[in-house]
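Got chain C sorted already, so can you dock chain G onto it with the hints?
Chains C and G supply the protein sequences, listed in that same order.
For the first sequence, the residue numbers in this note's numbering are 1 to 350.
For the second sequence, the residue numbers in this note's numbering are 1 to 350.
Quick caveat, the hints were computed from the structure, so don't treat them as lab data.
Since the model is a prediction, treat every value here as computed from it, not as a measurement.
Glycine included, each C-beta is placed from N, C-alpha and C at the ideal position.
One or more of the hints may lead you astray.
Claimed, not checked - Selected chain C positions facing chain G (in silico; Cβ < 10 angstroms):
(1) 101
(2) 105
(3) 150
(4) 152
Protein chains: 2
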Amino acid sequence: MRPPHTAKRGSFLTVQDAGERALIARIAALTGPAPDFLTIGIGDDAAVLDSPVREQVVLTCDAQVEGVHFRRDWTDPESIGRKAVAVNLSDLAAMGAAPHVILLSLCLPASLTIEDFDALAAGAIAEARGAGAVLAGGNITRSSGPLVVDVTAMGRVHRRRVMTRAGARPGDELWVTGSVGAAAAGFAWLEAGRDRHESPEAAECVARFERPAARIRLGRRVAGSRSATAAMDLSDGLADAARQVAEASGCGVTLESDAIPVHPSAGLVLLALGRDPIAAALSGGEDYELLFAVPAKRRRAFQSAVSRAGGPQAVCVGRLTADRTQFELVTGAGREPLPAGFQHLVTSRI
Amino acid sequence: MRPPHTAKRGSFLTVQDAGERALIARIAALTGPAPDFLTIGIGDDAAVLDSPVREQVVLTCDAQVEGVHFRRDWTDPESIGRKAVAVNLSDLAAMGAAPHVILLSLCLPASLTIEDFDALAAGAIAEARGAGAVLAGGNITRSSGPLVVDVTAMGRVHRRRVMTRAGARPGDELWVTGSVGAAAAGFAWLEAGRDRHESPEAAECVARFERPAARIRLGRRVAGSRSATAAMDLSDGLADAARQVAEASGCGVTLESDAIPVHPSAGLVLLALGRDPIAAALSGGEDYELLFAVPAKRRRAFQSAVSRAGGPQAVCVGRLTADRTQFELVTGAGREPLPAGFQHLVTSRI
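If we strip away everything but chain C, and leave its shape as in the complex, we get:
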C-alpha cells in the first residue's frame, strides 16, 4: 500500500519538514484497517485489544540502534525496519508463541528523509504482517543522535506450550536449526569495507546479516510437540545460547565442534577475511536460529515437528551435562573452554 499523498508532498524532504501528524498518517495508511480483536489501534493514547482467550500473553522488546546494530550507509531502510521486527519475532519464536501485535517506537534524526521513513515503516509493517502480527501503535520522537528503531512484540501461547531457557536436564541433546555464522560473516565483510557484490557468497552472508528470518513456524511446531525442555534464539551466538540454556537449567554443556552447521558461504567468506569460521559461528551473534534442548526419548517427536514446519532442518550440536561448571567445546584436537560470547555491553535481554 502506498503512503498517502498530500498537497505538499513534493516539498517534503525530511521527517522534520513533514511533522508528526503527517508521519503518523503515513504509518496508518501503510497498516490498513485494524482487525476485529484490535478495538483501538493507531491514533489514540494507547492500543486496546481483546485478551487472548485461554492463552498467555508473551511480551518482548528489542531496539536496533544506528552505529551499534546497523549503518545507514550499509543497509537500506526497508531492511532496517524488517530486521527490527524480525529480532523480536525471533524472541517470540523461542518461547513458542504466535505473534499477535507490535508497537513501533521510532527515534528519528531530523534529517531522515521521508522516503527513508516510508521504507523503514513499510519494512517493519510487512515483516510483522508476514508473521501474522499487526502494528497496533507506538511512538515517534526526534533523536538527538542515531536512528533508533525499538519494537515491542506481543505474542500468544498456551500455558503448557511455553518454552523457556530453564527446564533442560543433564543428558538432554542440544539441537540448532538451519546454519550459523552467515550473519557474522556478512557483518565482517561489510566491516572490512568489502563490496557485497564481490561474490555470491558475500552477498548471501550480507543478506543473512541484514534480513534475518525469525523461525516462527518452527518454534510453534516444536512448542506444540512438547518435545523440547528448553529453547532460546541465537541473537548473541551459539556459544552464548548454549551457555545461557545450561545456566538457566542448572547444567553444564559440551558442544561438538565438528557438528556445528556452519553456513557454507560463511565458511568461504570468513576464510577470505582470514577469520576462523568455527569461532565466528560460535561467538558471532545475529543468526536468529533457534537452539533447543531435547531429551533423547523425544528426539523423533522433535525431528518430526521440525520437518512439519517446512523450513530448515535441525542438527544435534552437543548435550547438557550434570557438572554445572563444565562449558566445553570438543574439537579434533581435544577439549577447550566454550567461548564466552559477547563479554562487553552490546545488547542483551532483561
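Just chain G, lined up with the frame of chain C:
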C-alpha cells in the same frame, strides 16, 4: 532493595565495564520476586503472563531521549527513570486502564556510570511499583549517542470502560485536571540557564517538569463512572489535546482563556522570564494532566468520580462544538484561533 554487590564492585565504573549480565542482575535484584500472574519474568527471551480475565489489554510505549526530553546535566537519573515510566502510565490513565506490567528498553552510552544506571533503573521500577505495575522484562543495548529510555506499558481495562479520544459530541464540556503550565515553566527556567533554587516557585515548576505524576486513580475513577465521552492526556499541551479530542470526535472546540487553571508558580516563573503564562499553559507540553469530554448531564457524576479519586480537582475549560472547522480560544479581547501546539517533530503517539 539494594543492587547485588559483586566481588569486583569497587572497580566497576561504567556500564561498559560492568557488562550486560551484571546490569541485568542489578535490575533483577531491584525488581524482586515476580508476582504469580507473571509466570516468566526477567531473564528469558520474553516475559509470559496470564491474560487479563474479562478485561482488555492496553498497550503503549514512549521513549525519553537525552537532548530531546531531558539533559543529564539538569536532571538526576532517578527522575529520568521515573518520568520515562510516568509518561507511559499517563497514557494508560487516559484510557481508563489499570497499570499491569512494563518493559524497559535502555540504550546506554558506554560512559554511563553504574551508579547512574542503578539510580535510573531504581527510579523506573519504583514509579511502576507505585502504580501497581511490575517490571516484566525489556532490553539493554549500547547507544552510539544519547541515552534513550524507552518504556512499554501494558494495562488492563474492562471493555465498557475504555476511554478514547473519539466519542465526544458537540455540546460536551471539556474538563482538565489539576493545573497546567508548570512543566513548561520549569523547562523554560532550565533552558534559560537559571538555577532551580533561585525561588521556591522555580523549584516547584522544575519538579513538575522532571517528575510528572500520572493521574492513574483519577483516570480509573472517571472511566468507572462512565461519565466521560472522551479522554486524553496533556503530553503535548492543552491546546493540542483539545484539538485532538475534537478532531477524533468530529467536532470543533472553543476554550475559555480565563478558565484555564494556570499553576500559580508557573505564572510567576513565566512572567519572570518574560513569557506569556496562558500561551505556555496552552502550548507547553509535559503537564500529563488529563482532559475529559463530559456531557452536561453527566457533570455531577464526573465531579463525584474526580473527588473520589482523592487527587486534584478538575475545571471546565471549554466545550466541543458542531462546527468541525472551529478551533477557538475565547479571551477578554475576543476570539482567536487556538494555537496549534507542536508543529514540528518532537514526539507523538502512533
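Cross-check of the supplied hints:
| no. | hint | in the structure |
| --- | --- | --- |
| 1 | 101 | 7 angstroms, holds |
| 2 | 105 | 5 angstroms, holds |
| 3 | 150 | 5 angstroms, holds |
| 4 | 152 | 4 angstroms, holds |
The structure meets every hint from the earlier list without exception.
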